[in-house]
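Here the protein sequences come in this chain order: Y and P.
Residue numbers are given in the working numbering: position 346 of the first sequence equals residue 346, and the series is strictly consecutive.
Residue numbers are given in the working numbering: position 383 of the second sequence equals residue 383, and the series is strictly consecutive.
Any given hint might turn out to be false.
The following label-pair restraints were derived from C-beta to C-beta distances [said to hold, decoys possible]:
1) P:Asp311 - Y:Glu165: 47 to 57 Å
2) Y:Thr2 - P:Asp311: 52 to 62 Å
3) Y:Asn64 - P:Ala303: 52 to 62 Å
4) Y:Ile23 - P:Ala303: 16 to 26 Å
5) P:Lys272 - Y:Ile23: 22 to 32 Å
6) P:Ser301 - Y:Thr2: 40 to 50 Å
7) Y:Asp85 - P:Pro93: 51 to 61 Å
8) Y:Ser327 - P:Ala302: 34 to 44 Å
Calculated from the model, a selection of chain Y residues having no Cβ within reach of chain P, i.e. all distances over 10 Å [claimed, not checked]:
9) Leu58
10) Ser61
11) Gly75
12) Gln153
13) Asn185
14) Asp195
15) Val282
16) Thr288
17) Gly377
18) Val405
19) His413
Because the hints were derived from the structure by calculation, they are not lab data.
Every residue, glycine too, gets a C-beta built ideally from N, C-alpha and C.
Listed below are the residues making up each chain.
Protein chains: 2
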Amino acid sequence: MTKLKLIGQNAKKATLEVANLTIEKRNTVLVAMAQALKDNWQTINTANQADLAAATELSGSMRNRLTLDQATIEGIAESLAAVSDLKDPLAGPYENWQHPTGFKIVKKTVPLGVVAMVYEARPNVTVDAAALTLKSGNAVILRGGKEAIHSNQALAEVLRQVLVEQGLNPDIIQLIQDTSHDSVNELLHMRDYIDVLIPRGSAKFIDFVVANATVPVIETGAGNTHIFVDESAVQNQAIDVIVNAKTQKPAVCNAAEKLLVHEKIAAEFLPKIVQALTNAGVELRGDTATRAISPSVKEASAADWDTEYNDLIMAIKVVKDTDEAISWINEHTTHHSETILSEDADHVAQFMNMVDAAVVYQNVSSRFTDGFEFGFGAEIGISTQKLHARGPMGLPALTTIKYEVFGDGQTRH
Amino acid sequence: MTKLKLIGQNAKKATLEVANLTIEKRNTVLVAMAQALKDNWQTINTANQADLAAATELSGSMRNRLTLDQATIEGIAESLAAVSDLKDPLAGPYENWQHPTGFKIVKKTVPLGVVAMVYEARPNVTVDAAALTLKSGNAVILRGGKEAIHSNQALAEVLRQVLVEQGLNPDIIQLIQDTSHDSVNELLHMRDYIDVLIPRGSAKFIDFVVANATVPVIETGAGNTHIFVDESAVQNQAIDVIVNAKTQKPAVCNAAEKLLVHEKIAAEFLPKIVQALTNAGVELRGDTATRAISPSVKEASAADWDTEYNDLIMAIKVVKDTDEAISWINEHTTHHSETILSEDADHVAQFMNMVDAAVVYQNVSSRFTDGFEFGFGAEIGISTQKLHARGPMGLPALTTIKYEVFGDGQTRH
């Protein structure tokens, strides 16, 4: 048996224990874990220093996301403690009904079992994922990136120690130490042990996982998100929303990447929005019609329209009407978040109805696509697929159902 | 563009039309389709004769499932018409709430989009799948087995003709004419066009699909189902349930395949159940303990414990207690339907809680795992996975959600 299969087997064994913890016990453990992270911040920080020392090639923003100083660790601990306040995703009441022959069917909510998370640099995912899977009664297998391996080891060790102190099996939370590509590949095929695998990272990485996994996967996070400015848009409001969606946090999946402008307002609106985005430090690329009106905009290549920049870059295109905006978006969308800025009820209804995305906005910044903003209290990722979960995933996405049937000898004829 | 990609593209184009039909229109179309099948029974029967003439190698029961005489076609038409009476899976009311900044979030139920069904001999699946996907607002791509190709073509032609007569795009329902393995292989990778693929057929076929698909798949139907007879079981009742679960329709996935008997009652119970199953024509295979008590039982091989016979064969094993029964089942289950026959509330609770299957029964024949028996009015398959849908899948399994957000310029800070 390989090392990874042993981890899988240990996780499977731990599922029954964690699935049967009372909500009081699960919450007690979460609070104790938060305290332990605060108490051990120096150990974690020391491990993090080793990662930072090795990460000489990381860019500034990536380096920033990798850093665990005392304040960051306390923030992570507080997020973890907050999970204890969330509603128990396993609590009833459950639907139940009777078959004509008299047996009773109960549709229960149960944990998925073993959740595997594969993610890149950010060590806070280690704690977030452990907290949310524990709260929902699952065992978790964590496979973080090599850049954060020492930090992840220190964090996982603190969490596992709390499990032991609480009289629980530490294998409810396991971290894979092997950060080679081989470990991901093996994980993707461990159908006997993994009930769902959630990848988090670049679009390229998620595509690789989806193309290669035989375990069930929930796709997350790729966001080539568009904003369509209809002729009826309130233009000052549109400028605020566009600048916010593009620049408030450009590295994340719900940031806007593309702007489509109705041709009837293009001559009036484009110079204003180009000015506003340029002032905000955004590099602009556009189609011919855009550049005819705003010559400062660079020429967009064909590849631009399918690229998620995750950076202060935006591509602009002029479209004939709502129909063309919708077809264009459905051709290029990653099905994450799409926006119409419009006061025309018919155009809005058409856009809402026809655009194929998890979240469709009218006159709101797409930066709100987020489990916390949606009121779910937590987020394990943002699903861009249609099966099981779509959009921001809270605790219910980590559960499934089970039918329990109680009878007294019924047979079928 | 390949022929199959064109089918995919046509299906994608048809999704918006079918998603936006009123429930009245969807039901009108279903009723018209039922009538058209009855009116055209001779054309369908003639096509079916061609399949039957070519199917010289099919076994009696398979041949039977392939046959479409007038009565069978009328039965299929009536099932189709019955779908028009089912509740609209897209109907609200939808959950909705307000963000603190004032925008409104509506969680809508929407169709999946393009559903692909890949199935083996039974032509009735062509009509069932078309009816259920249409009712739930989806476009469907059907890929049946080569044994039924003429029957499937005739059935699909009748259904598509009704779509045309009703003023609709016939590509809401498309049948792939190419029954080669290549067509399945290509389908499994058409991520741009297929929102979910549901395979129906042998366990081997479903494993192949799961191992190779990059489109989202719902696993269905493999059923290595167990019955555990606890020491407290009412033995006469147990005999009825076991004989029913094994013999009432042995070729289907919810038929029982394995029997586990508590060692404390083995000496008393085994001779009775062996007699009853033998009388019902079941070939029995057993472990050493079983054969020591009932020598007429053949020796089971290691492979038996993981084999779904789909036939009048059953393997029997003596176990020490509920714990051993549960571990054994969790080791060998296909997560479909598992049964305990017991009057002991603690053992039942333990079994319900710990056995990892879609449906867990106390004192009921597993033959009831079925969308109609569960009161769903229809069934597109039985999911043995945990994501999206588990157990019998009714119309809601063919839907997903979409968040529609309505605001007046909200930005995130």
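Each hint tested on the structure:
no., hint, result
1, P:Asp311 - Y:Glu165: 47 to 57 Å, "holds (53 Å)"
2, Y:Thr2 - P:Asp311: 52 to 62 Å, "violated (36 Å)"
3, Y:Asn64 - P:Ala303: 52 to 62 Å, "holds (56 Å)"
4, Y:Ile23 - P:Ala303: 16 to 26 Å, "violated (43 Å)"
5, P:Lys272 - Y:Ile23: 22 to 32 Å, "violated (45 Å)"
6, P:Ser301 - Y:Thr2: 40 to 50 Å, "violated (27 Å)"
7, Y:Asp85 - P:Pro93: 51 to 61 Å, "violated (28 Å)"
8, Y:Ser327 - P:Ala302: 34 to 44 Å, "violated (57 Å)"
9, Leu58, "holds (26 Å)"
10, Ser61, "holds (18 Å)"
11, Gly75, "holds (18 Å)"
12, Gln153, "holds (30 Å)"
13, Asn185, "holds (14 Å)"
14, Asp195, "violated (5 Å)"
15, Val282, "holds (15 Å)"
16, Thr288, "holds (27 Å)"
17, Gly377, "holds (13 Å)"
18, Val405, "violated (5 Å)"
19, His413, "violated (7 Å)"
Going down the numbered hints, you'll see the structure goes against 2, 4, 5, 6, 7, 8, 14, 18, 19, while the others check out.
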